[in-house]
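Participant: Protein sequence lines, in the order shown, are assigned to chains C and B. Per the numbering used here, residue 1 is the first one in the first sequence, and the count goes up by one each step. Per the numbering used here, residue 302 is the first one in the second sequence, and the count goes up by one each step.
Please keep in mind that the hints were generated in silico from the structure rather than gathered at the bench. Just so you know, even glycine gets a beta-carbon here, dropped at the ideal spot from N, CA and C. Just so you know, nobody snuck in bad clues.
Derived CB-CB ranges, DEER-like:
| id | chain 1 | residue 1 | chain 2 | residue 2 | range |
| --- | --- | --- | --- | --- | --- |
| 1 | B | Gly1092 | C | Glu242 | 32 to 38 Å |
| 2 | B | Thr419 | C | Leu155 | 38 to 44 Å |
| 3 | B | Phe1001 | C | Ala238 | 37 to 43 Å |
| 4 | C | Val107 | B | Asn887 | 57 to 63 Å |
| 5 | B | Phe1001 | C | Lys24 | 37 to 43 Å |
| 6 | C | Glu243 | B | Glu730 | 38 to 44 Å |
| 7 | B | Gly331 | C | Pro164 | 43 to 49 Å |
| 8 | C | Pro164 | B | Arg1074 | 44 to 50 Å |
| 9 | B | Arg808 | C | Gln90 | 56 to 62 Å |
| 10 | B | Asp507 | C | Asn105 | 44 to 50 Å |
| 11 | B | Lys573 | C | Asp8 | 35 to 41 Å |
To give an idea of the interface, some chain C residues facing chain B are shown, with a C-beta separation under 10 Å as derived from the structure:
| id | residue |
| --- | --- |
| 12 | Ser45 |
| 13 | Ile258 |
| 14 | Met296 |
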Amino acid sequence: MSIACEFDYRKPKTLSKAIKLLAKRGRDARVLAGGTDLVGWLRDSLVAPDLLVDIKGFEELKGIGFKNRALVLGALATFSDVLESELVAQHFPLLREMAGMVASNGVRNRATVVGNICSAVPCCDAGPVLQVYNAVVHVRGPNGKRRVPIGQWFLGPRKTAIRPGEIVTSVTVPLPAKKAAGCFVKLKRYRGEDLAQASVAVLAFSGREYRLAFGAVAPIAVRGPRTEALLKGQKLSAGLLEEAGKLAVEEIVPITDIRSTKEYRSLMVEVMVRRALKTAAARLAGRGPAYGINVMEEDTP
Amino acid sequence: MKFVGQSATRIDEREKVTGAAPYADDLDFGPNLLHAEIVESPHAHAIIKKIDVSRARKVPGVVKVVTGKDFPYTFGLYMQDRFIFARDRVRFVGEQVAAVIARDPVTAKRAARLVKVTYEPLPFVLDLKEALKEDALLVHPDLKNYGHCAWFFPVPDTNIAHWRKTRKGDIEAGFREADTVLEDTYTVPRYAHCAIEPHVIVGQCDLSGRLTLWSSSQSPHTQRHVFAAALAPLGLKHQDIRVITPYVGGGFGGKAGVSMEIIAAALALAVKGAPVKVRWTREQEFYNTYQRQGVIARIKMGVKKDGSITAIEHTLHWDAGAYVEYGANVVNAVGLSATGPYRVPNVKIDSVCVYTNLPPGGPYRGFGYSEFMFGLESHINRIAKMIGLDPVEFRRRNAIREGDTLPYGAHMNPCALVDAIDKTAAEIEWGKKEEAAAPNKVIGKGFACFWKAPAMPPNAASAAFLKFSEDGSVNISVSGMEIGQGYLTVMAQIAAEVLTVPPEKIRVETPDTDRNAYEWQTVGSHVTWGCGNAVKAAAEEARAKMIEVVHRVHGFAKEDLYLEDERVKCRAKPDFALAFKDFVINGIQTPRGNFLGGPILASGMFMPEFTSATGDPETSQGGHPNVHYTVGAAGIVLEVDKETGKMRVRKVVLAVDVGQAINPDLVKGQVVGGMLQGLATALYEDIRYSPAGKLLNPNFTDYKIPTALDLPDAIVPIIIETPQPDGPFGARGVGEHTMIPSAPIVANAIEDATGLRIKSLPLTAEKVALELRGIRYDDVKGETMGLCFMGDPQKYAFFAKSKA
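Just chain C, same shape as in the assembly (with noise of 0.2 Å):
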């Protein structure tokens, strides 16, 4: 594989000297850790940076923790950390199904949650989680530190709240209040690894709240607040669920691409959204499948 764009490439030895850099070249530079978006930008020309800077080195990006009852997911922390994470299997099955679904083995050990929602596609796996668990990010530059809700953080398709010379430095998923479970439904054109086609992400708290996201049917990856609203305090009953794939269908606005026209999308959303908050909702009781099945797939008890 060759790469027609010239361009630097600097490794520096502290954090500090990285932001430093990036905030001298600017929108000239790129961050490069997984690089599993990045390289492949670079190879196909879609992007010319004059500058390569890379921060895989650094031990403070690294990891996944525990920190004021959040769960941190350090900017080097890869797809499959998520997945081998004790405290993530344990306390935010949610984000683990999702990363299950993630592209393939080989992809998913290069390529990182953070650098998931900076390249912010519409179709990203990571959004619609970290929409339904109000996730934040974090984010440090020439003029210190800065914490961006995840609600606020997708501008647009491949656009972010990050402004030049900022690096996110990690994403903290606090822990559910309540008692919580969820489903991530990931629609796939087969069951290989593949982009999206839509996804839909469901958190079920005690008490009969609901928290739904969606990704591939926005420009965004966006929260669906009426359907949420719809739902709250009541009991999902065969015509409830009916109801809400119907109005859930309302809060996207999805696209016809080479994946998948838009009346499709629109009609497996109302599915997904139907079968994610049965999961979630069994789950929740304690009987539901075990987390990492596509349940677009597989059929559920």
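Since the structure of chain C is already known, use the hints to place chain B on it.
Facilitator: Below, chain B without anything else, positioned relative to chain C:
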């Protein structure tokens, strides 16, 4: 038999499993290896006004920049319509216009971007109905001047590169005789081969003018032949060209003939002395080798109440792309066989090869049969339903049998199609309705038959050399290609059976045209049959020579001598046994102390001397174009989620009459692999072009081939063996066949499960879900183009109906 019919371990297994097996890109050419980057057309059709290479040439590390001016020659296997580099005009997006040769790939890529090509864009034709209009824009205005094989019939000053007409019986009388007639249109888009190994070739012209190519190819000798023809103006002859082909990482027809390889042959001449590598990216693999051609087909079929077919009129318009040098022969093959494996007294087939400004079409496993069998086998289920006959019983009643008259007048070879139908039906429990566990799911069953013959020139030949070593082991040198199918092992088994030497003591090498015996190409599922015959002949010659020398020394009657357990034995003297290793190199010592004999060497060859391509162009009657057909049947148990359209293959069964399975495990491998490849074309693969003719998904991100997760729950191969009289130990071809019925079994199962009849491929979950809700996929699919025409297939005008 001791070795034939056994699932012998592949002789290349250890090498491949350990990673020791070399492929073209693995070969080390040292630090002087040069790398080429291709400058490609961004237009579907344009005049090349000017090519400015001055900036590219100045980049340090660039050795040479080559354009069409340097090699103003055409090439092609069956029709000389393809250019080494586009000259005056480009005809598809991605066509090679120039090449930059540099010391490393990055420099080549950077410099290639500095080649400035000035184009004058022209109108283009992507759509068959545009291409066939009265005043259509011509993709090849010079068509009438192109050289081509004797069995092609281009129509000058049109986009019709070839039109195969087959006429048998009286078609109108056939329809009058029918109690029920059904006519409908089916469409199949283009597909890509998706071999794991992309095309790669290294060319080197030494300072004496000797051109050697290391090529990832199914066709070393045919490549040499095509290179020699194309480069003849530069003084090159066959004896100056040598093609070496190491292992190939998947061919499926995509590495047959010559496509991108011509570039390396030319570039090597441009930089004499140094080797130069041309290595396709995955994207180029999709758009600048061959693609399976798209087709729109109209079928009119008449049947009597008892189910017997009275007539088939089959009109097929093929989107063959910008160059048809190989693809037109796919069109030809279908034109001879588009009745399917049935007894049809009255036949009218028009198979029309049409130029468009899309990437070149060409050979792909199945060679057109998958494409036409989708419509035909769908149609048969529908017409059977109309007359109230079970579709399996309908196929039984019409199944072709040995001696039946083929569409072109010759007679059918031995086959047991009815047996294949019955065994398949039993295995899928045809007629037994199955219930899905989930309320949103339904289960349907689908059934289809298939047939296919190799499409070969009438004088396509195979040859083999065989020799012994001191330890009694054997070397066989042939030029068929090991493309994963197990060919080397099968050749070893055939020789083993004759010589009584176990296959693991037989080395069969990949080809080098200087040293190995001739083989036309490894295509058409014919090498086991054709080359197998040559190897068998060589082994028999070696056996005769061994017996001769024992006879000379010991005086035993030749008819008493035979081979067993790597020894020559004698029926008249049971205690005599002479091990091969004791005489196959240095002969046998006589009582006088001298030696008789010497190294045992043998050769064998095979050419089907009974074939001819001399059929009447208006009817195809009179020739014998096909050597034999392999037939079979397949069935599927398919679960459909009515909410999502998603399908799961619960079980798929395929019965095929292979004559004799030389190696049953390898036949089963063909069934599994072919079925998966076919199911992918039915369920997942979905090619898309922009309205400007640019391929939008030349990658596995958006062009989906199955992964291990997408395997059917069960695949059941059924091997039937009705010997082929002219095949080695009775074997006939099997390879392509196993993917042919995949699409129609799925379409028929969807109909059985849901009542929905879909008449266009692919049968994606999306299409099924939408159509189940009454939404026509074509109405919502957007402006990307998968099929070779826009608009409603039902309104497509098959002009061929009115003419002829």
